[in-house]
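Number of protein chains: 2
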Amino acid sequence: MKTRIGILGYGNLGRGTEIAVSAADDMELAAVFTRRDPSSVKVLTEGVPVVNVNEIEEWTDKIDVLVLCGGSATDLPVQTPMYAKLFNVIDSFDTHARIPEHFAAVDAAAKESGKVAMISVGWDPGLFSLNRVYANAILPDGNDYTFWGKGVSQGHSDAIRRIKGVKNAKQYTIPVESALEAVRSGKNPELTTREKHLRECFVVLADGADAAQVEKEIKEMPNYFADYDTTVHFISEEELLTKHAGMAHGGFVFRTGKTGVNKENTHIIEYSLKLDSNPEFTTSVIIAYARAVKRMSDEGMKGCKTVFDVPPAYLCSQSGDELRAHFL
Amino acid sequence: MKTRIGILGYGNLGRGTEIAVSAADDMELAAVFTRRDPSSVKVLTEGVPVVNVNEIEEWTDKIDVLVLCGGSATDLPVQTPMYAKLFNVIDSFDTHARIPEHFAAVDAAAKESGKVAMISVGWDPGLFSLNRVYANAILPDGNDYTFWGKGVSQGHSDAIRRIKGVKNAKQYTIPVESALEAVRSGKNPELTTREKHLRECFVVLADGADAAQVEKEIKEMPNYFADYDTTVHFISEEELLTKHAGMAHGGFVFRTGKTGVNKENTHIIEYSLKLDSNPEFTTSVIIAYARAVKRMSDEGMKGCKTVFDVPPAYLCSQSGDELRAHFL
Numbered sequence: 001m002k003t004r005i006g007i008l009g010y011g012n013l014g015r016g017t018e019i020a021v022s023a024a025d026d027m028e029l030a031a032v033f034t035r036r037d038p039s040s041v042k043v044l045t046e047g048v049p050v051v052n053v054n055e056i057e058e059w060t061d062k063i064d065v066l067v068l069c070g071g072s073a074t075d076l077p078v079q080t081p082m083y084a085k086l087f088n089v090i091d092s093f094d095t096h097a098r099i100p101e102h103f104a105a106v107d108a109a110a111k112e113s114g115k116v117a118m119i120s121v122g123w124d125p126g127l128f129s130l131n132r133v134y135a136n137a138i139l140p141d142g143n144d145y146t147f148w149g150k151g152v153s154q155g156h157s158d159a160i161r162r163i164k165g166v167k168n169a170k171q172y173t174i175p176v177e178s179a180l181e182a183v184r185s186g187k188n189p190e191l192t193t194r195e196k197h198l199r200e201c202f203v204v205l206a207d208g209a210d211a212a213q214v215e216k217e218i219k220e221m222p223n224y225f226a227d228y229d230t231t232v233h234f235i236s237e238e239e240l241l242t243k244h245a246g247m248a249h250g251g252f253v254f255r256t257g258k259t260g261v262n263k264e265n266t267h268i269i270e271y272s273l274k275l276d277s278n279p280e281f282t283t284s285v286i287i288a289y290a291r292a293v294k295r296m297s298d299e300g301m302k303g304c305k306t307v308f309d310v311p312p313a314y315l316c317s318q319s320g321d322e323l324r325a326h327f328l
Numbered sequence: 001m002k003t004r005i006g007i008l009g010y011g012n013l014g015r016g017t018e019i020a021v022s023a024a025d026d027m028e029l030a031a032v033f034t035r036r037d038p039s040s041v042k043v044l045t046e047g048v049p050v051v052n053v054n055e056i057e058e059w060t061d062k063i064d065v066l067v068l069c070g071g072s073a074t075d076l077p078v079q080t081p082m083y084a085k086l087f088n089v090i091d092s093f094d095t096h097a098r099i100p101e102h103f104a105a106v107d108a109a110a111k112e113s114g115k116v117a118m119i120s121v122g123w124d125p126g127l128f129s130l131n132r133v134y135a136n137a138i139l140p141d142g143n144d145y146t147f148w149g150k151g152v153s154q155g156h157s158d159a160i161r162r163i164k165g166v167k168n169a170k171q172y173t174i175p176v177e178s179a180l181e182a183v184r185s186g187k188n189p190e191l192t193t194r195e196k197h198l199r200e201c202f203v204v205l206a207d208g209a210d211a212a213q214v215e216k217e218i219k220e221m222p223n224y225f226a227d228y229d230t231t232v233h234f235i236s237e238e239e240l241l242t243k244h245a246g247m248a249h250g251g252f253v254f255r256t257g258k259t260g261v262n263k264e265n266t267h268i269i270e271y272s273l274k275l276d277s278n279p280e281f282t283t284s285v286i287i288a289y290a291r292a293v294k295r296m297s298d299e300g301m302k303g304c305k306t307v308f309d310v311p312p313a314y315l316c317s318q319s320g321d322e323l324r325a326h327f328l
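One line per chain: the protein sequences are A and B, in this order.
Take the first sequence: its position 163, counted from the start at 1, is 163 in our numbering, and no numbers get skipped.
Take the second sequence: its position 261, counted from the start at 1, is 261 in our numbering, and no numbers get skipped.
Honestly, the hints are just simulated from the structure, not real lab data.
None of these values were measured; they are calculated from a predicted model.
Each hint should be verified, as a subset may be incorrect.
For chains that are exact copies, the list does not tell them apart, and a pair is met inside one copy or across any two.
Claimed, not checked - Once the Cα atoms are required to be at most 25 Å apart in a straight line, the calculated PhoX-like pairs of lysine-lysine come out as:
{"#": "1", "residue 1": "LYS187", "residue 2": "LYS85"}
{"#": "2", "residue 1": "LYS111", "residue 2": "LYS167"}
{"#": "3", "residue 1": "LYS150", "residue 2": "LYS187"}
{"#": "4", "residue 1": "LYS2", "residue 2": "LYS263"}
{"#": "5", "residue 1": "LYS294", "residue 2": "LYS62"}
{"#": "6", "residue 1": "LYS258", "residue 2": "LYS42"}
{"#": "7", "residue 1": "LYS187", "residue 2": "LYS258"}
{"#": "8", "residue 1": "LYS294", "residue 2": "LYS219"}
So here's chain A without its partners, still in its complex pose (with noise of 0.2 Å):
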């Protein structure tokens, strides 16, 4: 029997979500979960219906695990410990800071229900975090670099966009080549902030407005720019909209350690992504991790999961004889 995924949410993860549970043999979507009317909702996938959120309780002995497809800033620090007293849940969450308090909520949850909820599940939180765990427990001497990009920051753009006279903005974060160099050389540099990474903004300007003092304004702002040599280039909507439209994004981790009786030997772990569509991908690593979720309830298992708790078979349809054969 397939694994039944639902849906709540269908923006660009949700959209992601399904076409991941279309390329898998062994799951199939069973129903997608709307805030909006359903029948302003048009999925992808013949024959999945689209039904109001609020009918979601009727679905409990339907669906394996729910895909829960909304934002960290509002979304899921209310869905996630919502939806795990009654489904089996996984969500991305990746508001790095509040990942504590998040797991928590959803801890407390999940166990009173009996169900498991995987939660920061991507490449960042997700494939990152296991990289850096990895390379940090094989190499306890070293040092770890994470580089971002090329891609959009959608909080960066969203920042430019609340600055008056501003339209429609992108936000580029780029690393810099030269750092990752001295990184990959192993030469251990310690890197500010502005050596890590370059920001490149294109924006649309409202009718009337200051380019220059947009401009200074982008450059001066605290955290999202001051620190970082920023380049600023104006252009029309239709040009934000054709050319800037895209989803790529990728990133690199690093961690360069050493080892022997007097740390002679230096070792240089690097994991890398180039990605052509980040929700895509994203949602790539949450079907592979919503499998797992099936497996880990199927065997008992209760409570907050995150991708350190599961081990690697556990995402994977095959057996461990299938798996040990071929890519031991």
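Put chain B on the given structure of chain A with help from the hints.
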């Protein structure tokens, strides 16, 4: 209480294990076991006894995990099942084709004794295997590429040494840069054996040997060299011992995969290692997994395990709370 590690076999891997234990706050080296005369073996750590392997049964309650540092050809197929009857054990068995039968033998022994026995821990098999499994689970529609080097291949060096007229030899496996670039760019190339790796040989001739004949025999050797672009350099024994004594190694694992309604998006996952000391890095991986072996054993698990079966958190001395706060 610290995890008490025993080492069986004191060559490069044994010494590497000793160094890795000394770098771990939560571990201590209890004893080194050897087939040689113990008085002839000098270990690095003060106060650690060197014991003849015939007396190993007296140590069953003084060691938490025994690290088996023998070779895969003849030592481990015998030692791992044998010592899994007495201890929790871990090995670096790396004959990929024979892993299923090794697993079966070790699993039977460890299940009978109630011990945990991990096999094939290191970087390939080991970390590279992990990356193949994670990436395949996430991108089911894609291609795998593994490259090794630059580094010395022991098997290929041995093959050259068996040729008449060869006194000594080292063989480097080198990934072809243009092949790496083609994979990294997402072109999904179909690569022949010759297109992936070069083989570079440094050979010391015996007195009166025919260089041209030796070079011909190397380059035409089936499986080992015939399918590769192979270069042969004749050097003095002194040069071999001074310039080619290093144990650097490394490699690359890629998976390139597609997602999207029409498979229009390409994603590239790359994992690479650049290692100054192959044995010291391998044993650093082993010691991280020895921590996991102890924890699995404490939880009552038994039988044979591989890296696919171990939750990443089990490699770490930190608590779940600490890991989530700092690495997720």
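Each hint, compared with the structure:
Proximity of LYS187 to LYS85 under the C-alpha cut-off of 25 Å is found in neither arrangement, the shortest distances being 49 Å within a copy and 45 Å between copies. Taking the shortest Cα distances, LYS111 and LYS167 never come within 25 Å of each other, neither inside one copy (46 Å) nor across copies (67 Å). For the homomeric pair LYS150 and LYS187, the shortest alpha-carbon distances inside one copy (23 Å) and between copies (19 Å) are both at most 25 Å. Within a single copy, LYS2 and LYS263 get their C-alpha atoms only as close as 51 Å, which misses the 25 Å cut-off; across copies the closest is 23 Å, which meets it.
In this assembly of identical chains, the alpha carbons of LYS294 and LYS62 lie at most 25 Å apart only when taken from the same copy (13 Å versus 40 Å across copies). Taking identical chains as interchangeable, the C-alpha atoms of LYS258 and LYS42 lie at most 25 Å apart only when they sit on different chains, with a minimum of 24 Å there against 54 Å within one chain. Taking the shortest alpha-carbon separations for LYS187 and LYS258, only the intra-copy value of 12 Å comes in at or below 25 Å, while the best inter-copy value is 35 Å. In this assembly of identical chains, the alpha carbons of LYS294 and LYS219 never lie at most 25 Å apart, being 47 Å within a copy and 52 Å across copies at closest.
Consistency note: the structure conflicts with the earlier hints numbered 1, 2, 8.
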